[in-house]
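A.B. asks: As a plain string of letters, each chain reads:
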Amino acid sequence: MTQIAYLTISNLSRPVGGIMVQAAHVAALARAGYDAKLCTIYSGPRPDWIDPEAPLVDSNRASVGPGDILVLHDSIPRKVFDRFMGMKIRRVMFCQNHYFFDQTLRPDERLADFPIDAFICVSEPIAAYLRDVHGVPDPVVIRPGIMQRRVPEKEKKLRVCFMPRKRLIESGTIVHRLNYLYPEHADVEFVSIHGLHPEKVAEVMAECAVFLSLSVNEGLGLPPLEAMRSGCLVVGYHGGGGLDYATEENGLWYDSATPAGLVDLLADTLTRLKAEPDSFAPMLAAGRRTADRYRLDVMQEELCRFWETFL
Amino acid sequence: MTAPEICFLLAEQETERMEKRCFFEAQAALLEAAGIPARLASMDGTLPPPGTGGRIMVFDLANRDQAPSVPDGDRVWFAPVLWDPYALFDPQMTWMRREARCLALLVSGEHEVELVRKYPIGQQVLPLHFAMNYADLERRAAEREAAGPLVIGCLGRKKAALDFLRGMLTRLQPAAARAEWVELDFEDRDAWLRDLPRCDLLLAMRSYSGSALPLLEAMAAGVPVCADHGGALSRLASADNGTWLESATLERCAETVAHLLERFAGPGPQLSGICANAARAAGQASAAATFPENLNSWRSLMALCAPS
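Line by line, the protein sequences are chains A and B. Residue 311, in our numbering, is where the first sequence stops; the numbers in between run on with no holes. Residue 619, in our numbering, is where the second sequence stops; the numbers in between run on with no holes.
Hints in this document: simulated from the structure, not taken from any laboratory. Small disclaimer: the values here were computed from a predicted structure and weren't measured. Every residue gets a Cβ at the ideal spot worked out from N, C-alpha and C, and that includes glycine. Among the hints, erroneous ones may be present.
To be verified - Which bits of chain A does chain B cover? Going by a derived footprint, with three or more residues having C-beta under 8 Å, they are:
#	stretch
1	125-138
2	172-186
3	249-263
For reference, chain B alone in the conformation it holds in the complex (with noise of 0.2 Å):
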């Protein structure tokens, strides 16, 4: 019997676009190579008409209202994304309950799936691990060249908070004072591949996310994390790999990024075993490792949709 196609649905303006399209592309580029057909669309755009194995539709949740409409009798699912596992709300939770086409939720982390087997959506949960295939960034060098001034990079859409930060930072320490702060924006991909690399240290303030890609290049790149990860990393972030951002108290950050800038002043070795970790935890994460086990999610999705 013919597998059904995994089409992955991108809308123009949703948020962390460029976050789901890595994700994205990377699983339908893995689905294929182990002959699953898998493509990448835009919510607006039109599709051709599916196969006979049908076709899954994979998207934000939050984009639901934006899920094309499907001619009755089409052999086509839909499987939602939780892509903010702190967003899933009534709203949602009656969406997957009523649309006869729901086949199951992806949410990425086990602890996640546990919480959201646990809510009413009349739906299976299966895990999906939000991954990437990481650019070929030439690693950076983990001993910083002592002549020249930090460049500190800022990632996030917690703009007041990264000021607040970087005010405070600028004015306290004299290493930030000297800094060259770069405002990043993985969103614009280019920008980001082109600014990242010249990064000491990234600064990020997330927004509540399943996903952490961004953090996961720069680990993959050899540049220090410093960031509060938006609940993604809760497994994965450790002091062993990056300085993480665990309070809601920004001068509590303040003073953990400015622990970590002394460390930048400081003689001797800075950061290579923390960089070393990050690197090898981020490579652990991206999307060929994690792949394995997002196949059996794939397959049992596949399943679903079988003639009973």
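The shape of chain A in the complex, shown without the other chains (with noise of 0.2 Å):
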């Protein structure tokens, strides 16, 4: 049987929301009935937020020969980028992220003209990407289901939970002007989800009214979907990708380089939200459907009539 050998990183150590991404392609597989597994060097114990149902293989003992399909990411270094360009099997890009192409490829390169079979991804941002600048003539797009496990519907507190890593300077502005401009809003408790095993992650969203996205040149972004879907009213950055989903219906986006005026947009939220609790329920209902798009089943249709097709 044709061997699908996705390729991820070496550091499985924490969780990663490209890799849950992976891992859930590689399960929705393996319960199709393909020889699909995740391939890594990892050497630690298994960590127990991939998906248990994916296979997970050591890198440097698994075999893959010309009938097999390597199935590689966005995040390649250059030298094991042209050694797989090199052998002689299928190759699959799964991209997640096209701000990471400019790492491994020279500027004149484009991905149209390296001998890549086909190319999948996570949103219509990429695939617009890859067919305007890179030529690819027909990336299919997969949307990832959202895998946060339901939590069960919670009194909403007038809490802003956040994850900082990607955005650290701006969290801290936006945390502290908040506090010091607007002291009317520094009642307002800030719950970082930095770190946190994504069960908790699901709790922390369920009691929190707002959530603010500090998504940064992502592919697609998952968190803003996790957080409409559990009933938090959306303000921040989409971070490109995110226009796969970001409308003015679902969300207080805001796109500008420096986050003075987040400050601002958030702070205005805050005073709407604590003089009418309602005043977001239309955005809300739209979030909610928003994130409908975004499932398990969904995915797992759309990939196995790609690998299909492909195969």
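Reassemble the complex: the two chains are provided individually, in unrelated frames, and hints are given to aid placement.
C.D. replies: Structure (structure tokens):
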């Protein structure tokens, strides 16, 4: 049987959204009867945040041959990329973040000029980039499903949850400026979800009224979608790839080079929520509808359709 | 009564060290010319004892942990600079409140000064223009020679973002594909002064900062600037004096740069009006032009350490 080997990074010591999506692909394919596996040189214990149905194998021991398929990712170091391009094997590029490619490619190189047999990606902004910038004629969009476990609905508290890791300065600026420039909101608690286990993140989101989106240069960005599904009002950056779902109806999106205006936007949002807790009900409903488009069953269906066609 | 000496301190490994050096050197020279003793020194070196007027040490607030220890009784005070106006957090504020030697916080930009005055730092906030004396670079002709390829200078610590912009533009725009791309580094002053005048365009992705000295020096030299200014030019930047990358989305920034490159490719005057406006704006933001206002702040600062 043809092996489908998804290559992933070596450090699996903490939850990474992109790896969870790769594992979700592999698990879905394994369930559908394919010989799919996630290949890594990570040698630690199996992380509990990776789908248990995804076979995880040691890349150094895996054996792939001409009939098999390597599924590459977008952050492969150049030397490794060149080695894979030289192998007699079929290649699929699974792109979850198009902003990474220029760390591997030279500016005058286009992905369409490499021996890559198919391109799959997680969002329309990536597909547009692959088509328009790299000349890839037919990238296939397979949107990931939200993997976060559903937790029972809770009464929302006027809290702001956020993931500061990618925009540390901005998150600090927002927290401090809100506190000192808008003292009427000094009582609003900010809850970081950095480093939390995905199940704990779900619990935090279930309680928070607002999710401050600090996405930056994302291929898609699942956390805002998770927040929408949890009934959080999303305020902040879409990170580029988030334009796959970000609309005026489903969030208060911010797209400026400096964070100064985001503080004012968040303050205004909190003022409105305090005055009228239901003032964003239509936006929250739109958010839930948006999030509902990113389901694991839909992903599995589209994924299997792609592989059936490709194989 | 003798005026206190104003001593600008630089640490060896601090970020944007050359920018700070250019700013501090210019202020020190202008203060001296105004009869106020001033010097530039290393945070890691040994300073002679202060004179009878005492000494005010000026350094980036981010380097507060490296501030020299001062014996009790010495007439030495601190006046930190808020170099990055977005990075004023609780640890810095606590230090300001608790450090008895602190006189004031020096902040660039009227708007930022007003904001910071609302923070509980327990000290005065004084405005200060972060300005320098620009190198006397031969001003570029506003009309580029049509025959040669564009020379695009890239500047900024957001390397991945610049790489993405360059890759996208190179693949989509013939002018960008033919261009010579030059990596610029303001921190390497000699290389900067050598390479900047060759550039037809400066493309910069700045980190947040209260300083935009590299952009201003390029503008003064007549090099068209296309940049994310990091917040430092919020008041000065306009469509009349540069092309400003206002979006947080790189594809939108690339579109902006692409439109600009099309203007280079077209016939007729190329950005000459913008370059003239940019040079004028940079001139108004130079160390010499802004020193009268800065001098007011330096005098206010010195008044704070006068015996009551």
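A.B. asks: Okay, which hints does this one fail, numbers in order?
C.D. replies: Checked against the structure, no hint fails, so every one of them is satisfied.
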